[in-house]
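S.K.: Chains as they are written, first to last, in this note's numbering: chain P, 51 to 452; chain B, 51 to 452; chain C, 51 to 452.
Some hints here could point you the wrong way.
Heads up, the list lumps identical chains together, so a pair's fine if it works in one copy or across two of them.
Calculated pairs, EDC-like style, for lysine to aspartate or glutamate (alpha carbon to alpha carbon, straight line, at most 16 Å) [what the hints assert, rightly or not]:
(1) Lys229 <-> Asp244
(2) Lys92 <-> Glu443
(3) Lys89 <-> Glu292
(4) Lys229 <-> Glu112
(5) Lys403 <-> Asp432
(6) Lys450 <-> Glu438
(7) Lys140 <-> Glu112
(8) Lys173 <-> Glu443
Everything labelled a hint here was simulated from the structure, so no lab data went into it.
Everything numeric in this text was worked out from a predicted model, so none of it was measured.
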Amino acid sequence: MTIDRRTLMTGGLATLVAAKRVFALSSPNGSVAKATTSKGAKVFHLVAEPIKHQIAPGLDIEAWGYNGRTPGPVIEATEGDRVRIYVTNKLPEPTSVHWHGVQLPNGMDGVAGLTQKAIEPGKTFRYEFTFAHAGTFMYHPHADEMTQIALGMMGMIVVHPRGGPTVARDYTLMLHEMKVPIGARRPDPLAMNDFNVLTINGKAFPATEPLVAQVGDRVRIRIGNLGPMDHHPIHLHGHSFELVATDGGAVPASARIPETAILVPVGTVRVIEFVARAPGDWPLHCHMTHHTMNQMGHDAANLIGARTDDVDAKLRRVVPDYMSMGTAGMDEMSTMHMPQPANSISMVGGVGKHGPIAMGGMFTVVKIRDRLGTGDPGWYDDPNPAREATADELARDGIKID
Amino acid sequence: MTIDRRTLMTGGLATLVAAKRVFALSSPNGSVAKATTSKGAKVFHLVAEPIKHQIAPGLDIEAWGYNGRTPGPVIEATEGDRVRIYVTNKLPEPTSVHWHGVQLPNGMDGVAGLTQKAIEPGKTFRYEFTFAHAGTFMYHPHADEMTQIALGMMGMIVVHPRGGPTVARDYTLMLHEMKVPIGARRPDPLAMNDFNVLTINGKAFPATEPLVAQVGDRVRIRIGNLGPMDHHPIHLHGHSFELVATDGGAVPASARIPETAILVPVGTVRVIEFVARAPGDWPLHCHMTHHTMNQMGHDAANLIGARTDDVDAKLRRVVPDYMSMGTAGMDEMSTMHMPQPANSISMVGGVGKHGPIAMGGMFTVVKIRDRLGTGDPGWYDDPNPAREATADELARDGIKID
Amino acid sequence: MTIDRRTLMTGGLATLVAAKRVFALSSPNGSVAKATTSKGAKVFHLVAEPIKHQIAPGLDIEAWGYNGRTPGPVIEATEGDRVRIYVTNKLPEPTSVHWHGVQLPNGMDGVAGLTQKAIEPGKTFRYEFTFAHAGTFMYHPHADEMTQIALGMMGMIVVHPRGGPTVARDYTLMLHEMKVPIGARRPDPLAMNDFNVLTINGKAFPATEPLVAQVGDRVRIRIGNLGPMDHHPIHLHGHSFELVATDGGAVPASARIPETAILVPVGTVRVIEFVARAPGDWPLHCHMTHHTMNQMGHDAANLIGARTDDVDAKLRRVVPDYMSMGTAGMDEMSTMHMPQPANSISMVGGVGKHGPIAMGGMFTVVKIRDRLGTGDPGWYDDPNPAREATADELARDGIKID
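Full structure from sequences and hints, please.
M.R.: Written out as structure tokens, the structure reads:
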């Protein structure tokens, strides 16, 4: 991505820079890789290893990741940087690292068997190349990719252009999906559908950290999808944004399309930008309805509209707490306090300013304020939220309710 | 969408207007919401409620919708309109309404728990805001969204630009999908795949009303997808069209791409335009092959190529009508008259000018004629359809058939 | 697609033409339809018929196709050509052919029941029309489409512009997916998900023929997807490419976006172009992780991390060869030599210069060389592939491994 005069002007970046309101790259719930400098190169060290990871309080899994994390740390560099990346394999099987989207020599492409030997357990390999282009890329194994990606091995790469930042706020979000049977700790690498753990930077709502911006800030969100199978349509409330880059490069101004939801296919990066328009808590989430839910019992019977009072009464003689769920929809899941199976998270889980938020999974909030301090500003308090209509209002507007 | 001189010229709209051939917004099989005016605002009333709905003759379901319908009525307004929308909840659980794509104050965004209290059963809430931008948007619950959308709660919003229509024909189509087990009446909200009721504006082919246009008309189709999980590639026969807008705004002319099929991801609006090129009956349908089918027995065995004469003969001693289906493909499903299970529709179902049309579900027809009267013009009678080759033709062209 | 001066210059086509390095359209693993000329028209003959087809050595299936093949032969013509296409039906059920994306008279559109009578078994129909536009299109049945496409009936159409080629290398690839239970020979037309045979031009890796190009060549790949259900994100390593056309026409230069993976939805054509940048073996593959695998046992238990030594020892008393697989990932599938069930292919299967390539299915390689001879150049031998780090290198760069 090159610096674009129009972008600078639109976002009022010059003013922001003057006011020191240009923030470093941020990876909510994530981390940026440590680098050292040695003999003219930036040096990174990725350790591929089994890890313990918490999806959200209540659900701990046995995953595979890099440097103790899933996704691995963001590799951050500048256009033209020479990098040396050491990869140590502490997994029980061979691995490799493919630098997805990076234009490098074939021998550094990381495809086990094709462009290099696989990295056997216990070994450390050395990749060295130059980031010829600024942009957003990804890294992941290209050796038993199906298993290793399913278990959490992936990360993002951000290469900044020379000349400094072009937006006030710059976020990276990596999408992923797993199937973790209720009560299990191990994602199932054979799952091709029915994913029930949908994550942004490794976390499911309500454990996802919000993104923040001040009204007028130009915001960039770099979204990468390295889940195994689903293309996620990511929807932002209350704003129209544009795709400004992919991992292939910058989208020219003439090709930009306004959107409120962008499909992020598996194996792609979608970099979007918008100007924070109005204060509030604006959801950013996958619009597939089962992807804003947490673990679910999909084998359950459909009880919508069923009458279960009799059955429930009988069962309560044996199991005093028993009650049938779902006869009037799933809302009661978010408001009743059912005993939760061990190591599992409720289908839905957030609680906001106005009560339970019937959302989970691939859901987070962009918190926009007129003035921001540091850290999470808490829930937005709109002076005039939608509310119950008064009898007077109904009468004045001629609304009749039978 | 602003009025675009190029669009006017391309479609010859000036001429059409002169000839009074500019038609109002149309929602095939659907309806437009009634509005009143009160104290400077357009007033609407949406009633969220359980409804009985017919997918196609033979299949009646118990759904949830708005104002007796699924999808709910189209909310139609003009850029700059102030609107007050009352929402009455007659469902057995809380709901809310999110105005998808509309740029409004955070308190009116309709996310239960986050931006407002949920609307409890029996209550009526009041939303008030201004449509700042022309465009195509959607509405749906943001409270137990998974269940409520699965059962049919959704609708479209059209905000016209000031200055009047820019195309001769203007249609809205809302895509949806449900899983209704054969013989059942209740869509299964837990279904994440294997959807078997695929609809356009709530109807499955052959119950979908055709779209009509006269040769030379500029036609706009506003397609919204609020199905739970699938991104539908909508294909139009015989024409090339362009994406001219999303719910994020108008696509600039420089960014338009010619297409014959456009992917409509979940939670997005795709507005396409084309000039009606040639008379005929041109299918418009999802290209996923199972999405132009109606309810199917996916648990059935694969009998392609199997010989079942013996088995059939034996079974007929007990069940006189018995016959195995599918040994030579599924075509016989559309031509044989099998007893249909109660409350279910045949896998395929239309019958056209030339015999059975082996299509169902998310399929409709754009009927283009040199001159149109009112209503459905019936099937097109091409003077020269593809037909059996004569022996003479085969000989002349040197075609040999073994 | 019209000849584009910019394209000519970028790819240095003038030079290539001078050097006779402009190659004919190529369909790896495929074929181009034979045509004759008769009374001012190009004449083709498609025979729809049951065929035996090999997906990869070890897996033979009973499919349906055209002229003995799946996909059928590429129909190649020039803008303005009049064509007569005879279609003979040797299937056990009616069929028809729809010319997907072609702008033709309604009677030639090939929709059984709607625009023509179905072609009954044993009959030969005659289609005649003019290719008014250059571009890439597809053909497939529009009669029991679900079954017939599932079994392999589909093909591509390339209509060249008048004025000759505009790129050095021009490839067509058709994507498809089937569900073939392990050991079976018949694809299951009822399958809506869990596809386990993913193909490019009918073949699964390692049976896919590579694409070749010389450094500096402008390469065009015309990708069509006529699989039943999945939208495939096709990723090219080491290069950034642009979408230059769909089956709706050419993408104007102002609308082109750089990409490294492009989603090819069902029922669409995506034509991409790039300049071969660097020598090497560059994978081109679907990025859905289960789509670069071959047949799999998805009903298998998830054994990652499990200890099976005891169980294995006991079972070996009865079955001497027994061993549990997958306790440390799936890599052992590609390296151990398990007895393979009859008529099935290993989950993964290629073996490259550096050992097993843990890939299968919708995966191929673009082989780029500084100088190309004829045929497959073999594996690329990079002078400097990623390799194990030496103790010296680790020490110099301060890398510590616990």
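S.K.: Does each hint fit the structure? Answer for all of them.
M.R.: Hints, one by one, checked against the model:
no. : hint              : verdict
1   : Lys229 <-> Asp244 : both (7 Å within a copy, 15 Å between copies)
2   : Lys92 <-> Glu443  : between (65 Å within a copy, 14 Å between copies)
3   : Lys89 <-> Glu292  : neither (40 Å within a copy, 37 Å between copies)
4   : Lys229 <-> Glu112 : within (12 Å within a copy, 31 Å between copies)
5   : Lys403 <-> Asp432 : within (10 Å within a copy, 59 Å between copies)
6   : Lys450 <-> Glu438 : within (15 Å within a copy, 63 Å between copies)
7   : Lys140 <-> Glu112 : within (14 Å within a copy, 45 Å between copies)
8   : Lys173 <-> Glu443 : between (73 Å within a copy, 14 Å between copies)
Figure legend: structure checked against the earlier numbered hints; the only hint not met is number 3.
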